[in-house]
Amino acid sequence: MRFFISVFAFLAAVSLFSNIPIVFAQDSCPLTLEEVKKDKAYEHIEKNAYKSLQAESYMICLYGINGKLQEETPYLGKKLNGTKKTYYENGKLYSERSFINGKQQGTQKIYYKSGRIADETPYLDGIIEGITKTYYESGTIMSETTFLNGKREGTSKHYSEKGTLLFETPFVDDMENGIQKDYHKDGTVASEISWVSGNMEGIAKLYNKTGRLYAELIYHANVKEGVANFYGNNREKLITITFAKDSPVNGLWHNADGTTRPLTKQELTNWEKFVYAHCY
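Quick note on numbering: the sequence shown equals residues -25 to -1, 1 to 255 in mature numbering (1 follows the signal peptide of the UniProt record, and there is no 0).
Just so you know, these hints were derived from the structure itself, not from any lab. C-beta atoms are modelled at their ideal positions from N, C-alpha and C, and glycine is treated no differently. Heads up, some of the hints might be wrong.
Claimed, not checked - Under the rule of at most 27 Å between Cα atoms (straight-line distance), these lysine-lysine pairs were calculated in the DSS-like manner:
#1 Lys43 to Lys84
#2 Lys248 to Lys220
#3 Lys59 to Lys43
#4 Lys180 to Lys240
#5 Lys88 to Lys43
#6 Lys212 to Lys240
#7 Lys78 to Lys67
#8 Lys156 to Lys180
Claimed, not checked - Computed spacing ranges between beta-carbons, pair by pair:
#9 Val147 to Glu247: 30 to 38 Å
#10 Asn208 to Gly153: 24 to 32 Å
#11 Ser113 to Ile75: 29 to 37 Å
#12 Glu211 to Glu128: 35 to 43 Å
#13 Gly77 to Gly201: 50 to 58 Å
#14 Asn174 to Leu6: 48 to 56 Å
#15 Asn174 to Lys67: 39 to 47 Å
#16 Arg236 to Ile92: 39 to 47 Å
Input sequences plus hints: build the corresponding full structure.
See below:
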């Protein structure tokens, strides 16, 4: 609660409502336009009088077409000070953002319509700083990402609603750098993909649910290039496919006796299904 009388200023959409501020001696906005109409304590003020309020604490409130509060923004002078709130059309809280002298500070919170938390993002002097978290509506955590000076840094982790790790991606200076790992539902590694400065670069390894390596592909600038190898149940090389600019150019089937045959046009066109059927 403020230690001085705050000024409540209501600004509605120009096309639907008056944009003349209405003065109140309170710290929060009425939830609906009906409440504004019923409260006889308000009075209209002229533009020049409104300018004189810039040194005071006041609240700018916006209402939607349905007459319900859509947004409330606290000011001290000409700068945001306090907690800015936005609302869903049904009147439920959508977001909370705290400001000090015009800069966002503390944890920004986003909510589902049910009222459960959806997102938490920490701010320091208007810049994201710390661990951001997103949540499933059930309340379990969806993701965790660390920010330093507004940039992603370290390993970002994403989880299933049951709490198992889905994938983790390393970041350096806001770009993917290192080995990204994806996981099967049981927690075993599904893939390992190399990233350099935000691009897939190098060897990507794919594993089946038993943990067996069944594919090695080479990436350059996010596209498949060069010879990819695919392996059978006994880790033997079964298929090789040459890629150029992400498209299969030619390939070979490797027989157990050491001989090979070229892949057909249909096998190359549907190479993913072909590989999955024989190697996964």
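Q: State the violated hints by number, sorted upward, taking the hints as numbered earlier in the document.
A: Hint 16 is the one this structure does not satisfy, whereas the remaining hints hold.
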